[in-house]
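The chain contents come next:
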Amino acid sequence: MKIKISPLIYTLIFLIIFFIFYKGLQNSNIYTPNLKIEENIPSFKAKIFNNDKFISEKIFQKDKFYLLNIWASWCVPCREEHSFLTKLNKEEKIKIIGLNYKDDKKNAKIFLKELSNPYDVILLDEDGTVAIEWGAYGVPESFLIYNNKIVKKIIGPINEELLTEIKILIQ
Amino acid sequence: MASLIGSYSLILGFCCSLIIFFFSVRNFKSPKRFDYKILSFTFLQLFFVIVSFVGLIISFINSDFSNETVFNHSHTTKPLFYKISGTWGNHEGSLLLWLLVLTLFIFLFLIKSKKQPNNYRILTSMFQQIIIIGFFIFLIKTSNPFSYIFPIPNEGLGLNPILQDPALAIHPPILYLGYVGSSIIFSSALAATTLNFISKDWAKHIKVWVLISWIFLTLGILLGSIWAYYELGWGGFWFWDPVENVSLMPWLALTTLLHCILALEKRLILTSWVIILSIATFTLSMCGTFLVRSGILNSVHTFANDPERGLFILIFLFSLVFLSLFIFFFFHKNENNNNSFFWLSKESSILVNNWFMMYFLSVVLVGTIYPIFLEVITSEKISVGPPFYNKLIIPFLIPFLLSMAIGPKLKWIKSEIQNKMYLVLFLFISFFISFIIIKNLDINFLINSILLTSSFYLFFITLRDFFIKGYQNLSQNLAHFGFSLLILSILFNNIYSTEVITNLKVGQTFKSKSLIIDFQSIDKKNEKNFQAIIGKFKIKELDNETIILNPELRVYNQPNIITSEADIKTNLLKDRFITMNLVSNQDYFNIRYQDKPFMIWIWLSVLLISFAGLMSLLKKRYEN
Numbered sequence: 001m002k003i004k005i006s007p008l009i010y011t012l013i014f015l016i017i018f019f020i021f022y023k024g025l026q027n028s029n030i031y032t033p034n035l036k037i038e039e040n041i042p043s044f045k046a047k048i049f050n051n052d053k054f055i056s057e058k059i060f061q062k063d064k065f066y067l068l069n070i071w072a073s074w075c076v077p078c079r080e081e082h083s084f085l086t087k088l089n090k091e092e093k094i095k096i097i098g099l100n101y102k103d104d105k106k107n108a109k110i111f112l113k114e115l116s117n118p119y120d121v122i123l124l125d126e127d128g129t130v131a132i133e134w135g136a137y138g139v140p141e142s143f144l145i146y147n148n149k150i151v152k153k154i155i156g157p158i159n160e161e162l163l164t165e166i167k168i169l170i171q
Numbered sequence: 001m002a003s004l005i006g007s008y009s010l011i012l013g014f015c016c017s018l019i020i021f022f023f024s025v026r027n028f029k030s031p032k033r034f035d036y037k038i039l040s041f042t043f044l045q046l047f048f049v050i051v052s053f054v055g056l057i058i059s060f061i062n063s064d065f066s067n068e069t070v071f072n073h074s075h076t077t078k079p080l081f082y083k084i085s086g087t088w089g090n091h092e093g094s095l096l097l098w099l100l101v102l103t104l105f106i107f108l109f110l111i112k113s114k115k116q117p118n119n120y121r122i123l124t125s126m127f128q129q130i131i132i133i134g135f136f137i138f139l140i141k142t143s144n145p146f147s148y149i150f151p152i153p154n155e156g157l158g159l160n161p162i163l164q165d166p167a168l169a170i171h172p173p174i175l176y177l178g179y180v181g182s183s184i185i186f187s188s189a190l191a192a193t194t195l196n197f198i199s200k201d202w203a204k205h206i207k208v209w210v211l212i213s214w215i216f217l218t219l220g221i222l223l224g225s226i227w228a229y230y231e232l233g234w235g236g237f238w239f240w241d242p243v244e245n246v247s248l249m250p251w252l253a254l255t256t257l258l259h260c261i262l263a264l265e266k267r268l269i270l271t272s273w274v275i276i277l278s279i280a281t282f283t284l285s286m287c288g289t290f291l292v293r294s295g296i297l298n299s300v301h302t303f304a305n306d307p308e309r310g311l312f313i314l315i316f317l318f319s320l321v322f323l324s325l326f327i328f329f330f331f332h333k334n335e336n337n338n339n340s341f342f343w344l345s346k347e348s349s350i351l352v353n354n355w356f357m358m359y360f361l362s363v364v365l366v367g368t369i370y371p372i373f374l375e376v377i378t379s380e381k382i383s384v385g386p387p388f389y390n391k392l393i394i395p396f397l398i399p400f401l402l403s404m405a406i407g408p409k410l411k412w413i414k415s416e417i418q419n420k421m422y423l424v425l426f427l428f429i430s431f432f433i434s435f436i437i438i439k440n441l442d443i444n445f446l447i448n449s450i451l452l453t454s455s456f457y458l459f460f461i462t463l464r465d466f467f468i469k470g471y472q473n474l475s476q477n478l479a480h481f482g483f484s485l486l487i488l489s490i491l492f493n494n495i496y497s498t499e500v501i502t503n504l505k506v507g508q509t510f511k512s513k514s515l516i517i518d519f520q521s522i523d524k525k526n527e528k529n530f531q532a533i534i535g536k537f538k539i540k541e542l543d544n545e546t547i548i549l550n551p552e553l554r555v556y557n558q559p560n561i562i563t564s565e566a567d568i569k570t571n572l573l574k575d576r577f578i579t580m581n582l583v584s585n586q587d588y589f590n591i592r593y594q595d596k597p598f599m600i601w602i603w604l605s606v607l608l609i610s611f612a613g614l615m616s617l618l619k620k621r622y623e624n
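Protein chains in written order, with the working numbering: chain A, 1 to 171; chain B, 1 to 624.
Heads up, a few of these hints could be off.
Said to hold, decoys possible - Distance ranges between label pairs, derived from CB positions:
id, chain 1, residue 1, chain 2, residue 2, range
1, A, Lys64, B, Asn571, 52 to 60 Å
2, B, Ile377, A, Asn148, 39 to 47 Å
3, A, Ile17, B, Ser199, 31 to 39 Å
4, A, Lys62, B, Ser362, 55 to 63 Å
5, A, Lys149, B, Ile382, 30 to 38 Å
6, A, Ile55, B, Ile393, 51 to 59 Å
Unchecked claim - Here are some, though not all, of the chain A residues that point toward chain B, as calculated from beta-carbon distances under 8 Å:
id, residue
7, Tyr10
8, Thr11
9, Ile20
Worth flagging that the hints you see were computed from the coordinates, not collected in a lab.
Ideal Cβ placement from N, Cα and C applies to all residues, glycine included.
Hey, can you work out the whole structure from these sequences and the hints?
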């Protein structure tokens, strides 16, 4: 009997393709856009939370560490990260600046009263345009700033790990 | 409530599948009479899937956020139109649509194939049900569109703004009619092979289905391309993006199949080609689904990265591949007569077409999946871009276009070229025209002029045939004419496009030799689901009238994404295309202005090609 060789070959070829695809599936393919490290901070203008005065990027002095944290009272993960911000506030080397994003002022005040206020300054971003200037993806998001440069961008809430990382960075 | 009904309906539809499969097997053993229970249950199944689909649409309309799919992809402030289109603008909903088309087509097939032998109909239904069952399990197990969430959120996460667009709202249904329509060709080809029923009659009967899929696939790709043109803001219409490629591959296979079917219908030749292409078309459609849905490739269509889903489609896809291989090798009897073709005949030219198409298909296939292979084997990441495709495809277009002009003139079996005079004359005319056009331009003369010559050649030859042959072979001629028009428009578009990229503040003016762009003002507008910043630009081209263009930046509220909307002024000769983008931390806007000649002819020629398909479909008989 003549052995048919071609079916075997084709089967083999397809098995190999299957195997490659299967392997390919396990590789992670989520490309996060490469953030430009050490990007300059954008110029912006924002109201201060308490006294309606305008302030610009000049509040960031050189040779100092700042953490710009975008938050809102309606944002659930912001609640989680709040305790870490409070912990971070105890560090003397860093100032925390909040950017209150698209929020109701009353709610924001209640939020701070309830969970304490870790921010040295809070800026207002009523229509979300300041966050856009910063190239933020959403809330919460934090930018670690040194020498008017963005040293690190944290998308999502700050957790224990990130907190230690920040602490190491500012040493 | 609608969600609940939809959910149960889906399970009932799945049960119908099992019942149909059971009846099919029973009926297949004694196929003297067609068991009408199969038809009834197929109808019932279609009904359940429709109910399920409508249920999902209603959940979207009512913004029922207890449904996870609705929560993830909708928002109360979205206009009604996009609430509805959001139904298939996500993984779960689009698979439900996929299922809907699958069941719709098998139902239509059973109704329309009454004249065919019973065992063939039953077996086709059986193969189709295998596919349907696979998709039911996939849907219910890994991507149920009716998952319930508790506590019920007040607000949804919103639809990706770039999907909130009229062209994209109808793009998936149309494309799916093409993609999934090929499933019926697949099932029927497998059934016909198993029963050794590949015949002229079968070819005639399946041709209708091939044409339907082909028309919808062409239109679907066209819509996607138009969308990419004005929404993605790059001003191109084809980017050789993996997602575009996976739609092009089934199209190439299907187009080849269409030509082979004609040969099969006339002469009962190329049967192996027909079977393999029928299998390949659907397999490639499935493969496309796998590639874009599993997250193995990154694209706008990758809704969620869920390896479980990818694994399921992969296993299912290869089960179908092995099933087809098995059937092909063990049931298909190769035709032994008819195998020798006279070199100058219609069948030879169809064979030539096949090989060209297969070459194009392989190029696209390699370009699309080679990066995956390489990454697995060497963990090296590469990306394959337009230069790869251009280099490998464009030179081969030249003989392809020429044979497209000559091929249809040949007769079946054996032919001689009559009237050689005009064929040569036209070649000279085409070359002369191309020469004049290319001469003054600063581009590679040889390749461009030959390419242009061959497209003009096809253009003139087909144009002449409209007058000489009249209604005879009109649809074929129209399709080839459309293709020549497409290539010509693409060429001219490439050669004559100009682009200006500059940064402007409000009130500033950009001046060059031939162009003045005056950035007059910006305006703000609040819409229900987004805020728009609208720029007003006055464009003055030398020896041309002044036009006002208003590109937009949209800040969508849910999800919070900025999109840039191009403003395009179209006329028959050219498109003027402008986009603006925010330059971060400055008051400058990045302005991109493009002059794109013959843009509209690219769309029109593809429309013409699909219209030719429609004509062929409506025509009772394919005349020689």
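Right, here's what the structure says about each hint:
no. : hint                            : result
1   : Lys64/A / Asn571/B: 52 to 60 Å  : holds (58 Å)
2   : Ile377/B / Asn148/A: 39 to 47 Å : holds (45 Å)
3   : Ile17/A / Ser199/B: 31 to 39 Å  : holds (32 Å)
4   : Lys62/A / Ser362/B: 55 to 63 Å  : holds (59 Å)
5   : Lys149/A / Ile382/B: 30 to 38 Å : holds (32 Å)
6   : Ile55/A / Ile393/B: 51 to 59 Å  : holds (57 Å)
7   : Tyr10                           : holds (6 Å)
8   : Thr11                           : holds (6 Å)
9   : Ile20                           : holds (5 Å)
In this structure, every one of the numbered hints holds.
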